[in-house]
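Trainee: Using the sequences provided together with the hints, build the complete structure.
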Amino acid sequence: MTKFLAWTAILLGCLYFALPMIGMAEFSLSMRRDAYSLDAYRVVLADPRFQATFLFSLAMALVTIVFGVLLVVPTAVWVQLKMPRLRPVVEFITLLPLVIPAIVIVFGYIRLYNTSGWLPLTGSVTGTNILLMFGYATLALPYMYRAVDTGLRTVDVATLTEAAQSLGAGWLRIMATVILPNVLGAVLSGAFLTLAIVIGEFTMAALLDRPAFGPYMQVLGANRAYEPAALAVIAFAITWVCMGLIGTIARLSKHKGA
Amino acid sequence: MTASPRPSAIAGLAGRWIGLAPFVLFTGLFLILPTLHIVIGAFRGTDGEFTIQNILDLNTPTIRSAYWVSIKVSFLSALLGCLIGFAMAAAMVLGGVTRRIKGPLLTFSGVASNFAGVPLAFAFIATIGPAGLITAYLRTEFGINLRAYGWNLLSTWGLIVTYLFFQIPLMILIITPALEGLKREWREAAAILGATGAQYWRMVALPILFPAILGTMALLFANAFGAVATAIALTGPSLNIAPILLYAQIRGDVLGNPNLGYALAFGMIVITGLANAIYIVLRFRAERWLK
Chain Y
1 MTKFLAWTAI
11 LLGCLYFALP
21 MIGMAEFSLS
31 MRRDAYSLDA
41 YRVVLADPRF
51 QATFLFSLAM
61 ALVTIVFGVL
71 LVVPTAVWVQ
81 LKMPRLRPVV
91 EFITLLPLVI
101 PAIVIVFGYI
111 RLYNTSGWLP
121 LTGSVTGTNI
131 LLMFGYATLA
141 LPYMYRAVDT
151 GLRTVDVATL
161 TEAAQSLGAG
171 WLRIMATVIL
181 PNVLGAVLSG
191 AFLTLAIVIG
201 EFTMAALLDR
211 PAFGPYMQVL
221 GANRAYEPAA
231 LAVIAFAITW
241 VCMGLIGTIA
251 RLSKHKGA
Chain H
259 MTASPRPSAI
269 AGLAGRWIGL
279 APFVLFTGLF
289 LILPTLHIVI
299 GAFRGTDGEF
309 TIQNILDLNT
319 PTIRSAYWVS
329 IKVSFLSALL
339 GCLIGFAMAA
349 AMVLGGVTRR
359 IKGPLLTFSG
369 VASNFAGVPL
379 AFAFIATIGP
389 AGLITAYLRT
399 EFGINLRAYG
409 WNLLSTWGLI
419 VTYLFFQIPL
429 MILIITPALE
439 GLKREWREAA
449 AILGATGAQY
459 WRMVALPILF
469 PAILGTMALL
479 FANAFGAVAT
489 AIALTGPSLN
499 IAPILLYAQI
509 RGDVLGNPNL
519 GYALAFGMIV
529 ITGLANAIYI
539 VLRFRAERWL
549 K
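Sequence order for the protein chains is Y and H.
The letter at position 85 of the first sequence is residue 85 when you use my numbering, and the numbering goes up by one with no holes.
Just add 258 to wherever you are in the second sequence, counting from 1, and you've got my numbering.
Simulated from the structure, these hints should not be mistaken for laboratory data.
Glycine residues also receive a C-beta, built at the ideal position from the N, C-alpha and C atoms.
Worth double-checking, as some hints may not be accurate.
Examples of chain H residues lying across from chain Y (beta carbon under 10 Å, computed) [stated by the list, open to error]:
| # | residue |
| --- | --- |
| 1 | Trp275 |
| 2 | Phe284 |
| 3 | Leu287 |
| 4 | Gly306 |
| 5 | Gly343 |
| 6 | Asn372 |
| 7 | Ala384 |
| 8 | Val419 |
| 9 | Gly455 |
| 10 | Leu492 |
| 11 | Gly531 |
Mentor: Shown next as structure tokens:
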């Protein structure tokens, strides 16, 4: 009886998850009236705006990841070594982006960093791109910090740092050659999650008026029938690859640790 | 602590704080300050004076209904997400379904909980939209016109059904460790005392899990409440919910009063903040038993 109910729950749940996947795949293949074809994908991939916006978002993700790692790893190490009592406070701050909706944060950016403010970031294209990158780093902060902090707890940072210092290493060297290799798995997990978040992000990019992949998808969705489904399949594949890589990294680092 | 700190102690303190400077600077400028700016703006009049008029002005039919629909969508998608996610997680952990399903289901949950935004809306339009796979199939094969039965993807329920795609997996991811934390001894102890399976659930397992379930529900609520992209891609600017109204306000001051926009955003922070406070408190209580 329990077994029957359990299987029913699982199967109904899987049906709910499978149908939209099948629907979007089927729709993306039906651009030609009489037969399945990859026409929708061909049209999308050949669209210069697709290439431009996708590359923009990809570049944005990479810059965000580099910035996030440079910000989060030293901070997490510092908190663990020098100010462990501040850990709950820092942790709380890193979780705030999950509490404050992204649309509210970007609303604050637009009002605070416009051309009449003291830091007119939205006045130029480069400035707006930087602002968007900071916004993405904020969105990714909870995931990045959690990943790195968890990774750091499994290594003895204090001993490693002291050993490196007594061998004459400076902080930069310690970070790059001692700490980073030890938390590489955690950093990569955070990086791929950041990539998954940034690549299709809509709200911040649209409100800051940047030519990113998310707003492009939305505009295409309002005007076309089959191409959006192809985009959805592509986006789903990217998310899947990111999560798959995170899983693989977790398995590999577990093997190493044992 | 009574003696005045020596210069080296001050230097040491400054030296300790210097490592936190980049983090403090970044979160201060790009997280705390923008949020504070909104909060303060909500209590400011056009000349910068303190007022609660903006908050009072939120009480118009449009804004009231926007908040109300948002709360309804978030609450129902959180409630259903919790129930369905719990059922699936319980079936996976305790229900005797093959253990081989656990890995794939958790991996898929990780993917699906992150598959939000514009593409998610496309997937549902392609499936149960006006020309979607299921809609067309039911019409041609069974002559069932979903629209005639009142189904409309571009509606409150359409939004709820779509949001469930990331709500259920999130529930599965959070509740599975809690379910695995239920000790075998508790069930055996209950059985020895003569409890039936239903009694064990009603009097032992559910009371222990309750804070975790309720807490996750608060998290799911906040998660749905702040979602903008899925709603806009699904319905365009037509559906009147709080995040879409705020989006339109930021783009073109549709409310005709910039300070009212701050108040609208402030209201959203209050609601997601409350939901998260509930989550944190209940999570704390849940961890007392599930160690």
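Trainee: Confirm or reject each hint.
Mentor: To see whether the hints hold, each was checked on the structure:
1. Interface restraint check for Trp275 (chain H): the shortest CB-CB distance to chain Y comes to about 8 Å, inside 10 Å, so the restraint holds.
2. A least Cβ separation of about 6 Å between Phe284 (chain H) and chain Y falls short of the 10 Å threshold, and the interface hint therefore holds.
3. The restraint placing Leu287 (chain H) at the interface with chain Y holds, with a minimum CB-CB distance near 8 Å, inside the 10 Å limit.
4. Given the 10 Å rule on beta carbons, the hint for Gly306 (chain H) is violated: about 14 Å separates it from the nearest Cβ of chain Y.
5. Contact between Gly343 (chain H) and chain Y, as hinted, is supported at the beta carbon level, the nearest pair being about 8 Å apart and thus within 10 Å.
6. Because the smallest distance between the Cβ of Asn372 (chain H) and any Cβ of chain Y comes to about 5 Å, under 10 Å, the interface hint for this residue holds.
7. Interface hint at Ala384 (chain H): satisfied, since its Cβ lies 4 Å from the closest Cβ of chain Y, which is below the 10 Å cut-off.
8. This hint holds: Val419 (chain H) has a C-beta 9 Å from the nearest C-beta of chain Y, less than the 10 Å allowed.
9. Below 10 Å, beta-carbon pairs count as interface contacts, and Gly455 (chain H) has one with chain Y at about 8 Å; its hint therefore holds.
10. Taking 10 Å as the C-beta contact cut-off toward chain Y, the hint placing Leu492 (chain H) at the interface holds, the least distance being around 9 Å.
11. Hint status for Gly531 (chain H) relative to chain Y: holds, with the closest Cβ pair at about 6 Å, below 10 Å.
Hint 4 from the earlier list is the only one contradicted by this structure; the remaining hints agree with it.
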